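Each chain is listed here by its residues.
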Amino acid sequence: LAKTTQPISMDSYEGQEVNITCSHNNIATNDYITWYQQFPSQGPRFIIQGYKTKVTNEVASLFIPADRKSSTLSLPRVSLSDTAVYYCLVGDNLKAAGNKLTFGGGTRVLVKP
Amino acid sequence: NAGVTQTPKFQVLKTGQSMTLQCAQDMNHEYMSWYRQDPGMGLRLIHYSVGAGITDQGEVPNGYNVSRSTTEDFPLRLLSAAPSQTSVYFCASSRGLGDTEAFFGQGTRLTVV
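In the order they appear, the protein sequences are chains A and Z.
Going by the numbering used here, the first sequence opens with residue 91, and the numbers climb by one from there.
Going by the numbering used here, the second sequence opens with residue 2, and the numbers climb by one from there.
FYI, nobody ran anything at the bench for these hints, they're computed from the structure.
Hints are supplied without guarantee of correctness; some may be wrong.
Quick list of the computed label-pair ranges, beta carbon to beta carbon [unchecked claim]: (1) Gly97/Z to Lys144/A: 32 to 40 Å; (2) Pro130/A to Thr8/Z: 15 to 23 Å; (3) Pro9/Z to Phe129/A: 35 to 43 Å; (4) Val13/Z to Leu170/A: 47 to 55 Å; (5) Ser113/A to Gly64/Z: 30 to 38 Å; (6) Val13/Z to Gln132/A: 40 to 48 Å; (7) Gly41/Z to Glu104/A: 24 to 32 Å; (8) Phe129/A to Val13/Z: 22 to 30 Å.
Some, not all, of what chain A presents toward chain Z, calculated at C-beta under 7 Å [as the list claims (entries may be wrong)]: (9) Asn115; (10) Gly140; (11) Tyr141; (12) Phe193.
Nothing here was measured: the structure is a model prediction, and the numbers come from that model.
The beta-carbon is built from N, C-alpha and C at its ideal position, and this holds for glycine as well.
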């Protein structure tokens, strides 16, 4: 599985856009990029997944450059409730499925008033 | 729709005791898995199952046992609790092959003294 590197923590303010970049230099051809969010005392929650270019849903956007060696999760206009740990995962959907996820340390995002 | 339900939410054990952490899902998911999360760390896979009657080891299986007699339930047994097993345990389920969107339970916080 491709190793991922992401910042340990980030601070932001309400209403700002938060961008978290994840490096995955040895990503394989079949690998997808998936982001999870974890609030304190809760299990992780799936946010978004992509393979290339840009993916957007009601929660976030995921930007993946052509070389796929990094990806950026973008959270628009954050609120205090977006304070959480965000995990970047890279893996082959067909092999890993949803039950063999490899989590790194994640990025702790603190949104301030 | 309850999703993934874990019981108990909190448990204190003495060293050497055994216990079973319960996990049930009502989404008819094929895949289920158990993770542990130590303070400030990401989740690590303990055991997983790709269907009733089929289980396999994850990254940190020692000291734990699982079985999958039904699609809905996936209990995790601690055979002889040790202080190193103090952690938060999460159960997750997903639809199946090719799907990396996992649904997590609320977790069980276990302390072994």
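* Violating hint indices (sorted, rising) -> Of the numbered hints, 1, 3, 4, 6, 9, 10, 11 do not hold.
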